[in-house]
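These protein sequence lines are chains A and B, in that order. Going letter by letter, the first sequence gives residues 1 to 390 in my numbering. Going letter by letter, the second sequence gives residues 1 to 390 in my numbering.
Everything labelled a hint here was simulated from the structure, so no lab data went into it. One or more of the hints may lead you astray.
A pair holds if it fits inside one copy or across any two, identical chains being indistinguishable in the list.
What the hints assert, rightly or not - With a Cα cut of at most 25 Å, we get these calculated SDA-like pairs of lysine to any residue:
hint, residue 1, residue 2
1, 266, 225
2, 123, 305
3, 266, 2
4, 227, 72
5, 22, 195
6, 123, 211
7, 22, 249
8, 123, 134
9, 227, 1
10, 38, 388
11, 227, 118
12, 13, 362
13, 22, 138
14, 74, 196
15, 123, 156
16, 266, 303
17, 358, 41
18, 22, 135
Number of protein chains: 2
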Amino acid sequence: MVDVGIIGAGQTKYGNHLLSMKGMWAEAARNAFNSVDKDFQPSQVDESYIGSVAFGGSQLGNTAALLTEHSGMKGKPVRRVENACASSGFALRDAWMAIKSGQAEVVIAGGIEKMNDLTPERKRFWLGVSGDTEWERLAGLTFPGTYALMARRYFHEFDSTHDDLVHISVKNHLHGFDNEHAHIRKQVTFDKAKNGFMVADPLTLYDCCPTSDGASCVILAADHVVKQFTDDPVWIKASAAASDYLALHDRPSITQLLATQLAGKKAYEMAGVTADKVDIAEVHDCFTIAELFATEDLGFVERGLGGLFARESRGMKNSGEVCINPSGGLKSKGHPLGATGTGQTVEIFKQLRNEVEKNRQVRDAELALSHNVGGSGATCAVHLYGRSRQ
Amino acid sequence: MVDVGIIGAGQTKYGNHLLSMKGMWAEAARNAFNSVDKDFQPSQVDESYIGSVAFGGSQLGNTAALLTEHSGMKGKPVRRVENACASSGFALRDAWMAIKSGQAEVVIAGGIEKMNDLTPERKRFWLGVSGDTEWERLAGLTFPGTYALMARRYFHEFDSTHDDLVHISVKNHLHGFDNEHAHIRKQVTFDKAKNGFMVADPLTLYDCCPTSDGASCVILAADHVVKQFTDDPVWIKASAAASDYLALHDRPSITQLLATQLAGKKAYEMAGVTADKVDIAEVHDCFTIAELFATEDLGFVERGLGGLFARESRGMKNSGEVCINPSGGLKSKGHPLGATGTGQTVEIFKQLRNEVEKNRQVRDAELALSHNVGGSGATCAVHLYGRSRQ
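The task is simple: from the sequences and hints, build the whole structure.
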């Protein structure tokens, strides 16, 4: 079976962009192309997968072809993948399978979103539709409201309070502060985050990620051509994905994400590793409570002890344990829906190659994980990455 | 390399449905499940790919997970694929690659669209966004207008008139008349079609496909498990796809589709066959002129002679030549955007297994082709199918 290496990765800054969709994609793609160590031509790309949710508020169709038509990949097959906020996590998975299938040698996986051209109402709409529509959105539940329900229930079931979430927010803002691609580069104090503007009780502004514009792009290659492009690839050691019911009331428990657990378990099995071997994890912290769940669901800490893990800031970089969201995560780096999944991969590619800003570099990292969630857990993709091929 | 067989296929009737999106998907999936000859459980599905463009006018997100959450495939990875009207042609390609990759043994490819809940303005919008937006749609060009421009130019360059298109309309309405899944089951006379209500000169109502609701679902399996499910599979002998510029003015010629030519050529090479060996072709006749282009671009007739081919009704079933659109095509069977690609595969699965209504059965067909186009040719997927594995 073919192994899949990452030979290049790039992104735009996340934030409020003046660039068009096409301009953002061009910037991310160009950054990815330029990151390839040896000679690379976009015409060498065999196939592309681009994740996007709202696509400029749905003002455009045939969107993948539109983005790539002037990217030097003329004629090549391309499609959009949509799985709510897990769109580009699945784009990455499908790109990985395209290479494994033997049908393609060089494949692009990427993602894009433009949220800040939309009115606040339309932004809320595009976030809300990723959850359940019939039982939740149309009944008035907002997306922060969904995660607020989950947080409240978690505090009820386990030894945890909102203070634990505040620690997550403080950590991610600290991690993102030096990230030149991050949307919100502000360090926040515990008190400020604890007493932030209330969005959906118990979640304050500092528990919620921003809505960002941005694009990200990753170039994958089959093992037998990797050497043409770089002597320093990052290998994808596992790709796994899962789904779950959209509406919270259909799930036996709302203090864990079954899709994360399933995808995580499959990924560890595929790579032949255990959670304690992971050095870096980019997890889907659309809300701080989502990061807490991820630390448990991915096996970094026992169920029910995620609050303690957060309280002790055990996800902090160079703390000796797994570094959670060295990029700043969705909270600080930002969350351009469809771009987020492969944006996590961009961070991991650079971290594992020791190419991030000095202050942010996680030392001696060998094994990394990305965790990309759609909606409140209806879809999830988990990938494992390493410096060694096997 | 793993070969991929189709073990089941089903669809809803195309038309104006009272069913919800979820209900339509359930019906198509159930029909596909029930079509499997031996015991089949939806829990055996490893992965799903579902094509959709407008998804109910974009009122829903996380759409693939939403459709499948009550289909007996709980927990399994699923994603939406969007490539305008070629969405499920690409879903089929990605499902095929998933099996070829060795990561999945049983995979669903399907598609769905609900157009008739939308106002006429919104319908027009969702068709228009599949073409170019900046230079065409926002300048006032409608989707029929785009193809009208292409038709006019074709008549200018070659020996052809609107009468040739009328022959295509008459043929497809004849083919679709006995198709119980078809949207418009009406035979039309040459005179009626020729003098139809003008939509975009020279295209009349009888040159334009209807906007339909509908869903389609195809079940693929790896060669080593096919026998568990059926002794009578249809094999996918080739899958190929390509892209092109969205806007007509960017293309060197607007009387041919480069994406079709590229994808067709690759597909024939992969299967080791030539165009003259194809017995059945389900081609993307969103407008009659699009079928004319397809007959040339896919090599059924020389460039410039598509008008003659149509005039002589050489695509008619059991005429001794390739049967073009035995289902009735988009013109008569209908066009529920995202469902169309895998809907073509449903027809081919049944034709090659001698399972369609008696009057519609194409005799002694061995090799079939499906051709699914996005927009006015920005994306295209071509598949070849046969009774024999090699």
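Structure-based check of each hint:
Within a single copy, residue 266 and residue 225 get their C-alpha atoms only as close as 27 Å, which misses the 25 Å cut-off; across copies the closest is 22 Å, which meets it. For a Cα distance limit of 25 Å, the shortest separation of residue 123 from residue 305 qualifies neither inside one copy, at 34 Å, nor across copies, at 51 Å. Proximity of residue 266 and residue 2 under a CA criterion of 25 Å is satisfied in both settings, with 19 Å inside one chain copy and 22 Å between copies. Taking identical chains as interchangeable, the C-alpha atoms of residue 227 and residue 72 lie at most 25 Å apart only when both belong to the same chain, with a minimum of 22 Å there against 43 Å between chains.
Neither within a single protomer nor between protomers do residue 22 and residue 195 lie at most 25 Å apart by alpha-carbon distance, with minima of 39 Å and 43 Å respectively. Only within a single protomer do residue 123 and residue 211 lie at most 25 Å apart by alpha-carbon distance; the minimum there is 8 Å, versus 29 Å between protomers. For a Cα distance limit of 25 Å, the shortest separation of residue 22 from residue 249 across copies, 18 Å, qualifies, whereas the shortest one inside one copy, 39 Å, does not. For the homomeric pair residue 123 and residue 134, the shortest alpha-carbon distances inside one copy (19 Å) and between copies (23 Å) are both at most 25 Å.
In this homomeric assembly, residue 227 and residue 1 come within 25 Å of each other (Cα to Cα) both inside a single copy, at 17 Å, and across copies, at 24 Å. Taking identical chains as interchangeable, the C-alpha atoms of residue 38 and residue 388 lie at most 25 Å apart only when both belong to the same chain, with a minimum of 20 Å there against 44 Å between chains. Taking CA atoms no more than 25 Å apart as the test, residue 227 paired with residue 118 passes in neither setting, with 43 Å inside one copy and 52 Å between copies. For the homomeric pair residue 13 and residue 362, the shortest alpha-carbon distance inside one copy (20 Å) is at most 25 Å, but the shortest distance between copies (56 Å) is not.
With identical chains, the CA atoms of residue 22 and residue 138 are at most 25 Å apart between copies only, with a shortest distance of 17 Å across copies and 33 Å within one. When the C-alpha separation of residue 74 and residue 196 is checked against a cutoff of 25 Å, the pair qualifies neither within a copy, at 49 Å, nor between copies, at 38 Å. Taking the shortest alpha-carbon separations for residue 123 and residue 156, neither the intra-copy value of 31 Å nor the inter-copy value of 48 Å comes in at or below 25 Å. Taking CA atoms no more than 25 Å apart as the test, residue 266 paired with residue 303 passes inside one copy only; the shortest distance there is 18 Å, against 51 Å between copies.
In this assembly of identical chains, the alpha carbons of residue 358 and residue 41 never lie at most 25 Å apart, being 30 Å within a copy and 53 Å across copies at closest. In the homo-oligomer, the alpha carbons of residue 22 and residue 135 lie at most 25 Å apart only across protomers (14 Å), although the nearest pairing inside one protomer, at 36 Å, exceeds that limit.
Going through the hint list in order, the structure does not satisfy hints 2, 5, 11, 14, 15, 17.
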